[in-house]
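Protein chains: 2
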Amino acid sequence: MSQEIRVDFAHRVVFTRGLFDPANRVLVDSLRGGAPRAVAFLDSGLAAARPDLESKLRSSLDGRDGRPSLLEVSIVPGGEVCKSDREVVDAVVTSVDRHHLCRRSWVIAIGGGAVLDAVGYGASIAHRGVRLVRIPTTVLAQDDAAMGVKNGINRFGKKNFEGVFAVPWAVLVDSDLLATLSDRHWRSGFSEAVKISLLRDEAFFRQIELDADDLRQRRLERAIPVIRRCAELHLDHIANGGDPFESREARPLDFGHWSAHKLEQLTSFELCHGEAVSIGIALDTQYSVELGWLPQQESDRVANCLLRLGLPICHPSLSDPRLLEGIEEFREHLGGKLTVTMLRSIGAPQDVNELRSDLISRAIASISSRSTEFSKT
Amino acid sequence: MSQEIRVDFAHRVVFTRGLFDPANRVLVDSLRGGAPRAVAFLDSGLAAARPDLESKLRSSLDGRDGRPSLLEVSIVPGGEVCKSDREVVDAVVTSVDRHHLCRRSWVIAIGGGAVLDAVGYGASIAHRGVRLVRIPTTVLAQDDAAMGVKNGINRFGKKNFEGVFAVPWAVLVDSDLLATLSDRHWRSGFSEAVKISLLRDEAFFRQIELDADDLRQRRLERAIPVIRRCAELHLDHIANGGDPFESREARPLDFGHWSAHKLEQLTSFELCHGEAVSIGIALDTQYSVELGWLPQQESDRVANCLLRLGLPICHPSLSDPRLLEGIEEFREHLGGKLTVTMLRSIGAPQDVNELRSDLISRAIASISSRSTEFSKT
Numbered sequence: 001m002s003q004e005i006r007v008d009f010a011h012r013v014v015f016t017r018g019l020f021d022p023a024n025r026v027l028v029d030s031l032r033g034g035a036p037r038a039v040a041f042l043d044s045g046l047a048a049a050r051p052d053l054e055s056k057l058r059s060s061l062d063g064r065d066g067r068p069s070l071l072e073v074s075i076v077p078g079g080e081v082c083k084s085d086r087e088v089v090d091a092v093v094t095s096v097d098r099h100h101l102c103r104r105s106w107v108i109a110i111g112g113g114a115v116l117d118a119v120g121y122g123a124s125i126a127h128r129g130v131r132l133v134r135i136p137t138t139v140l141a142q143d144d145a146a147m148g149v150k151n152g153i154n155r156f157g158k159k160n161f162e163g164v165f166a167v168p169w170a171v172l173v174d175s176d177l178l179a180t181l182s183d184r185h186w187r188s189g190f191s192e193a194v195k196i197s198l199l200r201d202e203a204f205f206r207q208i209e210l211d212a213d214d215l216r217q218r219r220l221e222r223a224i225p226v227i228r229r230c231a232e233l234h235l236d237h238i239a240n241g242g243d244p245f246e247s248r249e250a251r252p253l254d255f256g257h258w259s260a261h262k263l264e265q266l267t268s269f270e271l272c273h274g275e276a277v278s279i280g281i282a283l284d285t286q287y288s289v290e291l292g293w294l295p296q297q298e299s300d301r302v303a304n305c306l307l308r309l310g311l312p313i314c315h316p317s318l319s320d321p322r323l324l325e326g327i328e329e330f331r332e333h334l335g336g337k338l339t340v341t342m343l344r345s346i347g348a349p350q351d352v353n354e355l356r357s358d359l360i361s362r363a364i365a366s367i368s369s370r371s372t373e374f375s376k377t
Numbered sequence: 001m002s003q004e005i006r007v008d009f010a011h012r013v014v015f016t017r018g019l020f021d022p023a024n025r026v027l028v029d030s031l032r033g034g035a036p037r038a039v040a041f042l043d044s045g046l047a048a049a050r051p052d053l054e055s056k057l058r059s060s061l062d063g064r065d066g067r068p069s070l071l072e073v074s075i076v077p078g079g080e081v082c083k084s085d086r087e088v089v090d091a092v093v094t095s096v097d098r099h100h101l102c103r104r105s106w107v108i109a110i111g112g113g114a115v116l117d118a119v120g121y122g123a124s125i126a127h128r129g130v131r132l133v134r135i136p137t138t139v140l141a142q143d144d145a146a147m148g149v150k151n152g153i154n155r156f157g158k159k160n161f162e163g164v165f166a167v168p169w170a171v172l173v174d175s176d177l178l179a180t181l182s183d184r185h186w187r188s189g190f191s192e193a194v195k196i197s198l199l200r201d202e203a204f205f206r207q208i209e210l211d212a213d214d215l216r217q218r219r220l221e222r223a224i225p226v227i228r229r230c231a232e233l234h235l236d237h238i239a240n241g242g243d244p245f246e247s248r249e250a251r252p253l254d255f256g257h258w259s260a261h262k263l264e265q266l267t268s269f270e271l272c273h274g275e276a277v278s279i280g281i282a283l284d285t286q287y288s289v290e291l292g293w294l295p296q297q298e299s300d301r302v303a304n305c306l307l308r309l310g311l312p313i314c315h316p317s318l319s320d321p322r323l324l325e326g327i328e329e330f331r332e333h334l335g336g337k338l339t340v341t342m343l344r345s346i347g348a349p350q351d352v353n354e355l356r357s358d359l360i361s362r363a364i365a366s367i368s369s370r371s372t373e374f375s376k377t
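Protein sequences, first through last, are from chains A and B. Counted from 1, the first sequence has number 47 at position 47 by the numbering used here; the numbering is strictly sequential. Counted from 1, the second sequence has number 271 at position 271 by the numbering used here; the numbering is strictly sequential.
If you're looking for bench data, these hints aren't it; they were derived computationally from the structure. All figures in this text were calculated on a predicted structure; none of them were measured in a lab. One or more hints might be untrue.
Identical chains blur together in the list; that is why a pair holds if it fits in one copy or across any two.
[As the list claims (entries may be wrong)] Think about it this way: if two alpha-carbon atoms lie no more than 25 angstroms apart in a straight line, the pair counts; the simulated SDA-like pairs of lysine to any residue are:
1) K150 - R248
2) K150 - G34
3) K158 - E87
4) K158 - D90
5) K158 - S361
6) K158 - S247
7) K337 - L71
8) K337 - G34
9) K150 - R86
10) K337 - Q207
11) K150 - S368
12) K150 - R362
13) K337 - S69
14) K56 - N24
15) K150 - D97
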């Protein structure tokens, strides 16, 4: 006998500003209807840059008038290091036990994508899932990572080897939290916006091209609509793409990611995810040219846009022969037949089931020369 | 903005006999359509009782004619001990890495409920979920545990504190595997059948009553329909109960379980799960009498049926004052308001939101005296 099992989740995303200001009700309103207990895990980078946050958080969740009591605020290391072992995951599970949180209680994760991944994983395995509220604090987390349904850590030198699919209870996006980001982490968040525009929305790509200099110069009024549109497109893909938990082979949102994941690993995460994705986008866009699909001038547009955003399109590790191992690791993580998305034109993706090493070499040579050329202009 | 996310799973259950015989195609047919790589984890109890199994398994999964290659057969400790730490879970995750299994490859878990829980958890977190095939080898696993969508381990002295909801790829039920079970583990599997009959199907309860002596005497032709009906009712509840991943408060299948989980813990798992559930059923059935809901003679029928099945209805730990802590632990694991199922009549459950300690004491006193009385008959 076989039974179909259908599971429905609600994925709530709220865009706001001044989330932690006393007058802002978004956080408190998002934590209604559950148990009155919460714990929070705060990215160390943000905690240092915004020492006011912890006390603001504590005063807004004081257990009065139906608000949950915040029983713990833990500072966890930001960046990929928090995904390198079980420490953060286990801190979350232990906290759920120690503070007697039930499945309807709240784990609040505040930080960049790596912190959201590790804390979210801990929240997902305690009692088989405590309610997770993600508060993304980097451009990359706000426009991409926090919208996803993935949680996990790295193992065996492989990105996200261990983890679960789990839908967060709510994602609260506060653009003001981006103010203290380093320029490098500001910029690196826009590669995912370029990526999804190339896959889904040619007009959105043109908008990013148009605004590239303003985005690089951190003009928030230009950045907010880009971040929001990118988040919407990601969320739409997850909710309406028909395969939220990736049981099929195609994974179009991973355009440019087979090499990106490997480059992060080959550089011992010296390249951050957004930078590696930028290089991966440039590479796969040029690969689409080498395939005879995309006109060269379109690949140039993409490379130029990335460079104007202050993002790299090239790295010495591209010539590391181990780069090609990334193809099999990418396939193995997802399973089944290798399925990689390339571009027919901007906004029109198409899957391929093999990557030819000769074309990869030509694409790398091409973007390497172009990288020098563009950086002179 | 809020997006509904719908995830569909297929839960395949096949009842067979002689699963590992060369002529039996069930296993091979269940492993079609994925990647050609598999690893298996085998309950030590079964491995000792059936030394032929490993080689039979290896010869049926030899990588030829579209069959997967079995790359590893690991023997893991059976019983609750395999859920006491991360060892088995991590062995599975490490095996997935070592043998380059992808998400469409196969992890085969062969054993009792505890082995299925721990191995299933490992399979669920590697690559966010490798395909899991459960082969339950105890009555309890065949009629209950293997049908569920829960995977996990115990932590902090709490049953199933850490884990995930995940739907297995397939569950293959072979009655012949029950032949080597100890009498104790044979018998203890029928408490879950009594439980679900009390909740869902009065006629099924009457059938179990009628067959109780035959079941105790291990008459397989009587046992198979009981195991199958119990499995069907469990699967039906999960698929059609509207809440497969337990986001709501009510958990009707956990009738008798608030005390059962605590009794297992208080006796350091000297009581096995099925025995503890039998006592829990007797207790909550008598509690339903103390509530004024159920006639005493109906509770007597239930207690008598359990005793005739060779199951306990009483234990000295029932008088341990820590027993009542089980109520809060039960609530906390599930979350929200305490919701415990009691019986209006056999086949007609109703939830309550509190448990009165005076009524619990009276119910314990009543089943203790009855236990002595019945055991004399």
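Comparing the hints with the structure gives:
1. In this homomeric assembly, K150 and R248 come within 25 angstroms of each other (Cα to Cα) both inside a single copy, at 16 angstroms, and across copies, at 23 angstroms.
2. For the homomeric pair K150 and G34, the shortest alpha-carbon distances inside one copy (23 angstroms) and between copies (22 angstroms) are both at most 25 angstroms.
3. In the homo-oligomer, the alpha carbons of K158 and E87 lie at most 25 angstroms apart both inside one protomer (17 angstroms) and across protomers (20 angstroms), since each shortest distance falls under that limit.
4. In this homomeric assembly, K158 and D90 come within 25 angstroms of each other (Cα to Cα) both inside a single copy, at 19 angstroms, and across copies, at 16 angstroms.
5. In this assembly of identical chains, K158 and S361 lie within 25 angstroms of each other by CA distance solely inside one copy; the values are 24 angstroms within and 55 angstroms between copies.
6. Proximity of K158 and S247 under a CA criterion of 25 angstroms is satisfied intra-copy only: 20 angstroms inside one chain copy versus 32 angstroms between copies.
7. In this assembly of identical chains, K337 and L71 lie within 25 angstroms of each other by CA distance solely across copies; the values are 20 angstroms between and 47 angstroms within a copy.
8. For the homomeric pair K337 and G34, the shortest alpha-carbon distance between copies (10 angstroms) is at most 25 angstroms, but the shortest distance inside one copy (42 angstroms) is not.
9. Taking the closest pair of Cα atoms, K150 and R86 come within 25 angstroms of each other both inside a single copy (16 angstroms) and across two copies (22 angstroms).
10. Proximity of K337 to Q207 under the C-alpha cut-off of 25 angstroms is found in neither arrangement, the shortest distances being 35 angstroms within a copy and 50 angstroms between copies.
11. In the homo-oligomer, the alpha carbons of K150 and S368 never lie at most 25 angstroms apart, since the shortest distance is 33 angstroms inside one protomer and 50 angstroms across protomers.
12. For the homomeric pair K150 and R362, neither the shortest alpha-carbon distance inside one copy (34 angstroms) nor that between copies (49 angstroms) is at most 25 angstroms.
13. For the identical chains of this complex, K337 and S69 are inter-copy neighbours only, at 17 angstroms across copies versus 48 angstroms inside a copy, given an alpha-carbon limit of 25 angstroms.
14. Taking the closest pair of Cα atoms, K56 and N24 come within 25 angstroms of each other only inside a single copy of the chain (11 angstroms); across copies the shortest separation is 65 angstroms, beyond that limit.
15. In the homo-oligomer, the alpha carbons of K150 and D97 lie at most 25 angstroms apart both inside one protomer (23 angstroms) and across protomers (19 angstroms), since each shortest distance falls under that limit.
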